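The task is simple: from the sequences and hints, build the whole structure.
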Amino acid sequence: MSAEFFEDEKTAAERDIPSRKAFSGLLPLLKEHKYDLVFCLVLLATGTILSVYWPILLKDAVDIDIKSHDFHGLLMTASLIIIIQVGTIVMQYFQRIKLETIGQAVMVTLKRKLFDHVLSLDVSFFDRNPVGRLLARIESDTESLRMLFTNTVVLVVGDLLLVAGIYAVMFYYSWHLASLLIIVVPIIAALVVIFERKTTRRFLNVRKKMAEVTATLTEFLQSMSIVQIFHRGSYARRRVDLANKAKFDEDVYVNVAVIIFFNLVFFFESVMFAVVIYFGDKWRHAELLTSGTIIMFIILIWRSYDPIWRVSEQLSTIQKAIAGAKRIFALLSEPQCLPDPEQPVAWGGLKEAIRFENVWFSYTGDNNWALKDATFEITKGKRMALVGVTGGGKTTIISLLLRLYDPQRGRITVDGIDIRKIRKADLRRQFALVLQDIFLFPGDVGSNISLDAEGVDETRIKTAAKTVDADRFIGKLEDGYATEVSEKGSNFSRGERQLLSFARALASNPDILLLDEATSSVDPETERTIQASLKKLMSGRTSIIVAHRLSTILDVDQIMVIRRGEIIERGSHTELILANGYYSKLFHLQFKHRNGVTANAG
Amino acid sequence: MLDKIKWFYRYYRRYRYVLAVLLILTPVQVAFQVSIPRLIGWSIDYFDKDTVPDDVVAVWLADIGASFGLGVAATLALTVVLFGGVSCLLYAFVQSHRAWMNLRLEWLFRQDAFDRTTDKGPNFFNKFRTGDLVTRMTDDVAEKLSWFACSGIFRLYEALLLVTFTLIMMATIDTRLMLWSVGPLPVLIVIFFISATVLDKRYEHLQKRISHFNDVMEACFSGIRVVKAYVREKAQKASFDEAVYDRRDAEIATVKAQTVVESMYFYIWQLGIVIVLVAGGYMAINADLSTGKLGAFVYYTVYLIFPMFDIGQFLVKSRQSAISINRLVELEEVHPMVVEGDSEGPNGSGGSGSPEDSNSPVQGGLVFDRVEFNFPGSPRKIIDTISFEIAPGQTIALVGRVGSGKTWLVNMVPRLVDPTGGTIKLDGRDLKEFQLEDLRRNIGYVPQEPALFSDTVRNNITFGRKEVDQALLDWAIEVAQLKDEIATFPDGLETAIGTRGMSISGGQKQRLALARALVGKPRILILDDCTSALDSSTETALWDRLHEVMPGMTALLITHRPDTLQKADQVIVLGEGKIVEQGKHDQLVKSDGEYARIYRRYQLAEEIGA
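Just so you know, the sequences run in chain order C and Z.
Residue numbers for the first sequence follow the numbering used here, beginning at -15 and rising by one.
Residue numbers for the second sequence follow the numbering used here, beginning at 634 and rising by one.
Please keep in mind that the hints were generated in silico from the structure rather than gathered at the bench.
Bear in mind that the values here come from a model prediction, so they are computed numbers and not experimental data.
Among the hints, a few may not be true.
[Said to hold, decoys possible] Computed footprint of chain C on chain Z; a stretch qualifies when at least three of its residues, placed anywhere within it, have a C-beta under 8 Å from a C-beta of chain C: (1) 711 to 724; (2) 741 to 750; (3) 767 to 773; (4) 887 to 894; (5) 908 to 921; (6) 1091 to 1105; (7) 1230 to 1242.
[Said to hold, decoys possible] Within a straight-line C-alpha distance of at most 27 Å, the following computed DSS-like cross-link-like pairs (lysine-lysine) qualify: (8) Z/Lys777 - C/Lys229; (9) Z/Lys950 - Z/Lys637; (10) C/Lys266 - Z/Lys682.
Note that beta-carbon positions come from the ideal geometry of N, C-alpha and C, so glycine has one too.
What follows is the structure in structure tokens.
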């Protein structure tokens, strides 16, 4: 994720948030650190004042020490200058570090807040927002805010003070000269405003155009074989060329504008020198302008241009930060759709049955039903298999049971209690979910089995692993349970990952097992181990399994056949085969030749 | 090193004018810039002693000024403004050219890199993932290479000129003092090298922490279902906290190191001024040096220090750019798998087709003669000696399990890849004898994954082909069962689809891909399982229509539709790169072999609606 994630689409929420509101929402975070901030500002002010002081000493060195041929005095002055310079640098170091520490602290608080909030949102939010976008929010948007904070503070306070200090000294030594020189300040300010107005939009455009270049490149590179088959290489090249040109045009404009702006501003530096020379000559008899003073003026003028460098860098930072702040604020105000009930009913485990009562559910909230009028019951201790073709609605049933979504119509009950009346955490703790492929988190094997749950200690982890026969291959690993899991779990085979997911389920000691069987096959040896482990996992436990294995459907108490969101058949395997309906056909297609076992049943 | 310069020169050659501007004007601009401290020095001396400084040029300037009726101070002031103005003007001119060149090079580097990929074969795209390619063409090109290619090199040039001219100026004032001013420079260079190592390490550490931080978040959000199902929110927060604190600490450590380095840099120029002050002051006290000259020296000291930044930058960035150049050159090292007119190539039959032949209409008769195919570097035969014939206008259905080689087989017809053994002939001529463009113009191909682009519906169908007229377009749309739907699109044919346009359904995408293939009125139609996303009624209507138009074309269909299989002139069953069975549907079913088994499964699947 080092590449910047640029968004040119805004959600309705973001569009309506004014910058002020976004920033004031985040201001309280600074209040915590107000003493540190004040300390910083004091250091900053002192440092700035000192940095204006040593040019004065320099002037004295020239006017006094050198004029009076006092080398010893010169050395003293020079030493004093060095001490002040070093002192300033040291002070600036501490100020900078302090500022950075404050900025980091604020950002850490903000990031934790964001993460907390996002974690509490419902699965439907994650369906709508790709992970990349969320990472960009919590990562890059907070970063641009932090840069704004640490850099703008320096800019606003430090540089204003610097310029003010410089002009104060200049006024002190020659208010005639200084009043002429200060005319430049409003001129430059005006130039900055004009410049900003003309270029801000273009700055953003450059980023947009670059995003388009990236998008165009990606598109064509992904589909190059089609481009070649149709022999449309020239078309692809032309499209990329156009995108390149568009970005080039915007970028050239912006770059040249910046160059012209800067050089114009620096031209004024020469003008200021000229003013000092000409008017300094005119007025020196009136004001006793010495050569030392002239040197000092030159140095001061030249220091006063430092801030100009910084301003331009800040412009794009400020833009980015404002946009970032708005997005962060929008994210923090994202509502939860499945709130926990005010007065939750306690439920400590299944005693009787799970029931679906006329449940209708659509992922998109419209008439695109994933489940239609689903009504069924699973009694405690019974095992049920869900079968059907892909996209029929089987996984939906599991998601609804876990209350990852709420149905639009009907209700789901456990022991007669509507699951919406139970706290989500309490409800989910009674289930164990096993997906087609285990989802692995950064960490070691042990913590992936326990998922760092309290109450799942090493003994339980090892017992769970042993029961499902996963301990054998874990034992063969160099670091055993402490072996780090690589990204996407690529250091384990499919079969091993299945066993790990069983171990995870078992370790949490669930009341109810929810299992989505893998569709891909493994070698017969591993398959036997998996089947045996599954049997152990399921024994005596209420289970709902999206079945793809022959051994599973032969083992369960009930089978439900789901097609296009409807439950069309139910019964035991033998009953359904005898009925010679849809199930019978499905069985022959999906199960008969699976896993190297040819079924003779039915 | 030399080959890197050669690589750059390839591009620079086209822009001699810009190169000349940069090479010639830079020293001129620096000369003007470097004169200003001198002028200021004279002004200070004039202040001090009320007479024109005893410098040939100064006297000459004063005379010119006097002839215009201007006093000495006025002349000097005016000259400063003039020189300053010219310097800024020239600098703006030079910088603009540098910026323009940077951006133009960025455009060229990227365009060239992309252009080359349009010839590369599947082995290239297997080796380099799209994301990787895009990063090389954007990050590497824009961030690292293009800036370095022009600004990097010319700012170094500018910095060296500045240092040289400054030293010369200083030497003409006082050689000894010049040696004093140069004092801090070696220190700077040492600081630079030490800091580069320390900073590098801290940056690397920080990068790792940032990556870890992102990994934790990514894992948590991608696995949100598991997190919620197992009620692991607290544990995730703990992991997050650990990662965020680690990152904060690494960031602060980096800033500390950075600030130290920056402070040292800033300090050195201030120290330099003090050194000049003391040494020059000593000389001034002994009347060896005027105050004006001292002042000028102070100013020149600064001119010496800041170019060091640019020189340091150059050294750092040159390392990065070398790496980026390598990353681009790497792309050039994989050769295209298919080359135009390759009949002289390893598997060619020798002799190329004459121009008149390419104008005669293609009939569409294909002959596969002992065709073999394996990926470069892999011994596994994806296609293992396949031979069959298709008469013009026939419809052939190809079936077989995943991995049996069907897609690669049909991909050889438009020469996406070439057979590694045997030949494929079209109308009696080896495919390699055709001009690629002529060959492909006669083929309509619909892949499994539709592969459409962010453009209008019209442009997606015509795919930039100018020979497609409205009549053809309308016909293709009608056959692909899209006519009514396009009418409901907000801008009809001009509606934009893709990343910044309307999103369309999978079924609509497949039909668009079909229209795209048909609109060229191809003699050979290749369809690779292209109607999987359609609902059954649309699918049936589509195929009915297709079967009406197909007799005019030779069709190669990879399909599992029972209806299509029945209607095909021939069915070829592939298994592990070989032909397992071949013949008409009825005959194959009767012989109750592999095909019969496969066919029964297809029937079942259709009934179930899988």
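Inset, instruction - State the violated hints by number, sorted upward, taking the hints as numbered earlier in the document. - result: none
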